[in-house]
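Q: Sequence:
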Amino acid sequence: MRKLLLLISIAFAGILNSYGQESKIEYGNNLDAGHYAEVNGIKLYYEVYGEGDPLLLIHGNGGSIRGHAGKIEYFKKKYKVIATDSRAHGKTEDIGDSLTYKNMTSDINELLNLLKIDSCYIWGQSDGGIIGLRLAMDFPDKVKKLAIFGANLKPDTSAVHKSIVNWVDENSKKTKDNHEKRLFDLLKFQPQIEYSELGKIQIPVLIMSGDRDAIRLEHSVEIFNHIENSNLFIMPGATHFGSYEKPDLFNLILNDFFTKPFSKKATIDIFK
Numbered sequence: 096m097r098k099l100l101l102l103i104s105i106a107f108a109g110i111l112n113s114y115g116q117e118s119k120i121e122y123g124n125n126l127d128a129g130h131y132a133e134v135n136g137i138k139l140y141y142e143v144y145g146e147g148d149p150l151l152l153i154h155g156n157g158g159s160i161r162g163h164a165g166k167i168e169y170f171k172k173k174y175k176v177i178a179t180d181s182r183a184h185g186k187t188e189d190i191g192d193s194l195t196y197k198n199m200t201s202d203i204n205e206l207l208n209l210l211k212i213d214s215c216y217i218w219g220q221s222d223g224g225i226i227g228l229r230l231a232m233d234f235p236d237k238v239k240k241l242a243i244f245g246a247n248l249k250p251d252t253s254a255v256h257k258s259i260v261n262w263v264d265e266n267s268k269k270t271k272d273n274h275e276k277r278l279f280d281l282l283k284f285q286p287q288i289e290y291s292e293l294g295k296i297q298i299p300v301l302i303m304s305g306d307r308d309a310i311r312l313e314h315s316v317e318i319f320n321h322i323e324n325s326n327l328f329i330m331p332g333a334t335h336f337g338s339y340e341k342p343d344l345f346n347l348i349l350n351d352f353f354t355k356p357f358s359k360k361a362t363i364d365i366f367k
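Quick note: the sequence shown, position 225, residue 320 per the working numbering, numbers continuous.
Bear in mind the hints are in silico, worked out from the structure with no lab data behind them.
Quick caveat, the model's predicted, so the values are computed rather than measured.
Among the hints, erroneous ones may be present.
[Claimed, not checked] Okay, derived cross-link-like pairs now, DSBU-like style, lysine-lysine, Cα gap no bigger than 35 Å in a straight line:
id	residue 1	residue 2
1	LYS197	LYS276
2	LYS138	LYS271
3	LYS211	LYS186
4	LYS283	LYS186
Using the sequences and the hints, build the whole thing.
A: Below, the structure is given as structure tokens:
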């Protein structure tokens, strides 16, 4: 997974730079905080840190809990942070079945059931954002507030920049590693969500994107326009990995969204 992991290493670099040094805790491989849950025929790995309202962190394609190190360090001071390795990622089993966002969403729902968490705050990066949207559509009671960064509803150029679509297609065709191919094919053929389906979402949602994201800016705006209770944040000077590149700004915005009352006041409302 050399090429895919190259992207993830960019995220890791942002984490390490933002904290000056690597945490003493080995996030993603911490025996004191790590657990396995039997869900949907797989062993799903997760770690839990801190106390307070539950906050679920969902990584992107090719990622793992390790990529959440900086976020766990920050948010575990205020929340009960639950970080998972998605199906076929990190320490969670890859049983070679059909890899779909619906399966991955069901895995998360079953984990929350096992942990007896009736609702929680959720943040998802990229594929994690897609899973977050599916959770809000399919299991709405489980989501108190949802924040997503760089999520898309389609895998084609209507949602993703052509250069990224081409990159995924090329690597899907030439890789000889079956596991890597399945991860690239996940990006190549999924998700398939219609804008109209977003109307099911009633909980507050924060749509986040870098202004130089892999996801087309207009696509993020359309997601914002189709979710009734949503806010939009475009991070300046940021890529698809903006939450890692500018962690202080990201943490400030995310914490503000989770802790403050949701608002969708329009400018005209001020004049009434």
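Q: Against this structure, judge whether each hint is valid.
A: Going down the list of hints, with the structure as the test:
For the suggested pair LYS197 and LYS276, the alpha carbons sit about 19 Å apart, so the restraint of at most 35 Å is met. A threshold of 35 Å between alpha carbons decides the hint, and for LYS138 with LYS271 the separation of about 26 Å falls inside it, so the pair holds. At most 35 Å may separate the alpha-carbon atoms for a hinted pair to count; LYS211 and LYS186 meet this at roughly 22 Å. Taking the CA atoms of LYS283 and LYS186, the gap is about 24 Å. The hint holds against a cut of 35 Å.
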